[in-house]
Structure formats: structure tokens, C-alpha cells
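Student: Each chain, letter by letter, is given below.
2 protein chains.
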Amino acid sequence: MTALSENIRSKGKRIAFVPTMGALHKGHLSLISIAKEKADIVVVSIYVNPLQFAPNEDFATYPRDIEGDTVKCENAGCDILFVPGNTDLYPEKESFRIDVGEMGKVLDGITRPHFFGGVATVVAKLFHLVRPHIAIFGQKDLQQGIVIKKLVRDFKFNINIILGPIIREGNGLAMSSRNEYLSQHDRDRAGVIFTTLQHGVKTIMAGERDRKIINAEMIKHFRSYGDLNLDYIQAVAALDLETPDAFLPGEEIALLIAAYSGKTRLIDNTIVKVPEHKLDDKTDDRFIELGE
Amino acid sequence: MTALSENIRSKGKRIAFVPTMGALHKGHLSLISIAKEKADIVVVSIYVNPLQFAPNEDFATYPRDIEGDTVKCENAGCDILFVPGNTDLYPEKESFRIDVGEMGKVLDGITRPHFFGGVATVVAKLFHLVRPHIAIFGQKDLQQGIVIKKLVRDFKFNINIILGPIIREGNGLAMSSRNEYLSQHDRDRAGVIFTTLQHGVKTIMAGERDRKIINAEMIKHFRSYGDLNLDYIQAVAALDLETPDAFLPGEEIALLIAAYSGKTRLIDNTIVKVPEHKLDDKTDDRFIELGE
Numbered sequence: 007m008t009a010l011s012e013n014i015r016s017k018g019k020r021i022a023f024v025p026t027m028g029a030l031h032k033g034h035l036s037l038i039s040i041a042k043e044k045a046d047i048v049v050v051s052i053y054v055n056p057l058q059f060a061p062n063e064d065f066a067t068y069p070r071d072i073e074g075d076t077v078k079c080e081n082a083g084c085d086i087l088f089v090p091g092n093t094d095l096y097p098e099k100e101s102f103r104i105d106v107g108e109m110g111k112v113l114d115g116i117t118r119p120h121f122f123g124g125v126a127t128v129v130a131k132l133f134h135l136v137r138p139h140i141a142i143f144g145q146k147d148l149q150q151g152i153v154i155k156k157l158v159r160d161f162k163f164n165i166n167i168i169l170g171p172i173i174r175e176g177n178g179l180a181m182s183s184r185n186e187y188l189s190q191h192d193r194d195r196a197g198v199i200f201t202t203l204q205h206g207v208k209t210i211m212a213g214e215r216d217r218k219i220i221n222a223e224m225i226k227h228f229r230s231y232g233d234l235n236l237d238y239i240q241a242v243a244a245l246d247l248e249t250p251d252a253f254l255p256g257e258e259i260a261l262l263i264a265a266y267s268g269k270t271r272l273i274d275n276t277i278v279k280v281p282e283h284k285l286d287d288k289t290d291d292r293f294i295e296l297g298e
Numbered sequence: 007m008t009a010l011s012e013n014i015r016s017k018g019k020r021i022a023f024v025p026t027m028g029a030l031h032k033g034h035l036s037l038i039s040i041a042k043e044k045a046d047i048v049v050v051s052i053y054v055n056p057l058q059f060a061p062n063e064d065f066a067t068y069p070r071d072i073e074g075d076t077v078k079c080e081n082a083g084c085d086i087l088f089v090p091g092n093t094d095l096y097p098e099k100e101s102f103r104i105d106v107g108e109m110g111k112v113l114d115g116i117t118r119p120h121f122f123g124g125v126a127t128v129v130a131k132l133f134h135l136v137r138p139h140i141a142i143f144g145q146k147d148l149q150q151g152i153v154i155k156k157l158v159r160d161f162k163f164n165i166n167i168i169l170g171p172i173i174r175e176g177n178g179l180a181m182s183s184r185n186e187y188l189s190q191h192d193r194d195r196a197g198v199i200f201t202t203l204q205h206g207v208k209t210i211m212a213g214e215r216d217r218k219i220i221n222a223e224m225i226k227h228f229r230s231y232g233d234l235n236l237d238y239i240q241a242v243a244a245l246d247l248e249t250p251d252a253f254l255p256g257e258e259i260a261l262l263i264a265a266y267s268g269k270t271r272l273i274d275n276t277i278v279k280v281p282e283h284k285l286d287d288k289t290d291d292r293f294i295e296l297g298e
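Chains as they are written, first to last, in this note's numbering: chain X, 7 to 298; chain P, 7 to 298.
These aren't lab readings, by the way, just hints derived from the structure by calculation. Be careful, since some hints might not be right.
Same chains, same names: a pair is fine if it fits in one copy or spans any two.
As the list claims (entries may be wrong) - Taking lysine-lysine pairs in the DSS-like style, the calculated list, with each CA pair at most 30 Å apart, reads:
#1 K218 <-> K99
#2 K162 <-> K111
#3 K111 <-> K218
#4 K17 <-> K44
#5 K42 <-> K162
Full structure from sequences and hints, please.
Tutor: Take a look at the structure:
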């Protein structure tokens, strides 16, 4: 793989890389389309990374379909399909790891403490093997995307990271390989995740900047219109996942949800920019408080 | 730096890299000579990495002499001297780090728990910025060299790591920037470190394979012939720093010493191959034990 890449680079061609865990769906294919637009050569990797699964998680049963994936990749215009084996990426009994610090301990990191360090570690290895100019990840895994962007900044990888937009089913459910675990009834019920995000966006566009109130509004909607088990609903700063008391005008807020449909964990998110002016900004709050 | 390197690489030239913390002495210059032999372009970096110092260590007072170092580099044939500032390598309040696991917790890692993770982290950043084909480290920092070799294997850096031989003063004291802290009397006293290593080699060449006996022999010599404060004397497997009860014929043993001369911590080591045959291999130990 590295020899191939060095050869492509030496000809002045640009490489775009889409790392995946396989079980490709329309979401992945949209990332491959973005890759084709941005570069001369598209590399897709398929590797179910053991390091990002906890012992109680679905590593063994995670959907695998290498023949189907190969056909989908070819049809989508992928030039190189890279499928490393386990001993290629973890040849020794104990591999050094990337420690992602606080960013790996919030949101999904609370229930999945192995996850983001595992992702950062395997992505660093893959970046070295594939040597891309650009790498494309799905915005659906937003915390992962923010971690990868910081990995690239901190470790001075010379790679441009692009987050491709979330592709949704008819009822707004974000596409995911894990949706294969769901019945049609489950998929219908999971639509509440998207309507809750929409409610959060509406709340912010109406002028709300208080983080706790935004969260409470979304939780109220989620419980009123559905019956999934909630892991978390959180409004955080999209830049660094920080949780200020109130967001600033012009700041980008990430709204993130994780919920369980039976044993299947579903995640979704959206990013919204805080309006510059509140609806009632024309009245001066201080004057009213002091004067009355 | 990266643009320079990409340009050099695009012309098919090879880059050798010597990362240093400055205060260059003959040991460093010997690494630059090796670099010149092995590649077309030699890059030397000078960067005193805060991440590898503990709060109680000598980060603030570590010897710095950028003008003197620049002259030495030029005279030694260095082509590019790379001197990043602190905010170049650690621009954010918290950087992701490399976790080197068990290998960072033994030997020097016991008294310096920050050290090897800090070294691996900054070296990974420097490798990305400099993009060398070869990197040369001093064997004097043997545990560091073994950690860097594993960093390169685990994270799939396409870089060849060479450990340059230890350069010694007249009495055998390994050259080190920290020797600047020592008086001539201290330097003389520190010669016992080298004679202890020689005694360990002699013990092994005489047929001893039992790790604890080799250690005890070296400690006895160290205490009999000197009065430095000992941190550790250890015989370990040179490949992975493991500590078996006994070493195998043909195996490479690393003998490592760390000791204090006043407040100055000195380290040294040597590598020796276990002879294939013990001196008394012709007699059968079991027969003697059972028969007498």
C-alpha cells in the first residue's frame, strides 16, 4: 500500500482516503463521491479495528461483507481497496497507543472509554500506510471527526480532513452499518432522534443560548415523542466539545444524541450556528431590570 | 520544514534526521557523521521538549547554546538546522500523546514516568514535519532508542532507525550534555560506570546467564570501586527490555546503569551477545548433581 502511494505521489497525483469498517451503505458511498471530486486517486480501507471495541461490545458480530463491499467500492469509483489483516496493524502483543485525553472521556467516551483512543491509534497507522493528501470521515460520527481533526493538528500530519454530511433514511434516521440490526418497526421508532435534533435547532434559532435549557428542551421532546432508551443528549461547542454555561453569538453548537433501540446503540448529531441577535435583542434587558 | 522536505524527496534525494535537544557534543557530531554517510541531505533539529521533563527536573536549566550549536552543525556538514519554537509543536492547551505502555514504566521510566511518552510524542511530531528516510539516535539513550524503534514499527512510520555508538571520554564516561554539570573530579569518579559495564560483559562472556547473578556481580563491582549513588543496574533483553530469569545462548543482553553524581543523573549501557556455549558446557550439570 505504501509503495503504491509513494508511486502515485511521485507522479504529482493527489490521494483521497476513506477509512471504513466495511458493511458499506449510502453514507459511505457519499464519502467516496466526495473523495472522487477532491483527488485523482481514491483509496478506501476496510478494517474492523479491535482496539476500539470494549470486550462487551459487538466486535465479533459487527457486520462483515467483503464481497458485497468490494462490488460497491468498484461501482462507486474507488481506485484502491485496502483490506489489512489484524496482524498487519497490530503485530506485537502490546501496541503503543494514542492517548486522546479529555476529548475521549466525554459524550460517547463515557460509555465507550476505549473508543476514541482506539480510533486515533488505528487512523494514525492507516494514515502512515496510505499517505493521503485528504481523508474523508462521516459527520455522523462527529466526536470521532473532531478527535481526528485534533490528531492531525497535534501530530502535524500533512492531511486535510473533510467531514461528509450525514445521509438519512426517509424518516430522518441517520444511515449506519448498525441499522442492519433493526427491524422496520425499530427504524420507524428511531425517527424521534432526528425530530429531537430539529427541535434543538428550532430552540436555538428562536434565541436560546443557555446550554442547560437547550438540553432540557431536547430531552422533553425526546421523551414526549418516543420511547427509546436515552444515553445522552448534549449541546456542546462544535470546535472542541467544551460545555460552557451559555453559547456565544456566531458560535457553532453541536447537538449530539446517543440512544438505544433494544441493544443497538444509535448516534446522530447536527451543527447549528448561534444567531447573532436574539429575537428580543431590541429591548435592553438591563434597563428593564434596573428600571422596574 | 515540511515543504523543504517534500521538495527534497520529490527529487529522489534521501533525508537523514538527527533530532537533538542541543548542547551538542562529540556524541551528537558522530551521529551527524553517520547521517552524512547514509543520505544526501542531513537535517538536525534542536528542541528542548518540555513534555519529557517532570516538574522537578532540569527543563529550565537544561544547557542551551543555539549560537555554538549552529557553528558545530555547520562544521559537521548539517544541511538543514530545524529549531521549532514551543508553540510550533504544542499549540493547544492539551496535546494528544503517545502512550508507550509498559516499556515506559521500567528502568528510566521508574524515576522518570513522563519521559518516554514525552519523547515518543515529540519524535512523532518531528518525524511528520521533517519526513526523513532515516533517523539517527544515540545508543547512549538505549531505552529511548528501543522505544523509538517500537514507535516506528507500531505506527508504520516508513523510517529506518539507526542507533549510533556511544562516544566516551578518556576514562570511559559516556558523553552527555549533562556532563557539563560535572567538575573534573566528578568526571573522574564517574568512570566506575563504564568499568562496571565491562565487568558485566566479562561475567556474561565467562558463561553466566542468570539475570540476578549478573546484576549482583555488577552491583558488587559498582560499590567496590566507586561511591556514586546508584539508581539502577539492570541486565535486560535488548530487543524488548524484558527480564527473563535466564538469558538464552545467542540472545542480546543490554546492560544498563543509571547513577547520580551529586544531583546529576548519568546513564550508560552496553549490549553483549550471550555466548553459544558456557565454559563448562562439556560437563553435564545434572549428572554431577545427581551422582554426588
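Student: Now look at each hint and say whether the structure bears it out.
Tutor: Hint check results:
1. K218 <-> K99: Between. Shortest inter-copy distance 26 Å satisfies the 30 Å Cα cut-off; intra-copy 45 Å does not.
2. K162 <-> K111: Both ways: K162 and K111 sit 23 Å apart in one copy and 27 Å across, limit 30 Å.
3. K111 <-> K218: within (20 Å within a copy, 42 Å between copies)
4. K17 <-> K44: Intra 17 Å, inter 25 Å, cutoff 30 Å: intra and inter.
5. K42 <-> K162: both (25 Å within a copy, 26 Å between copies)
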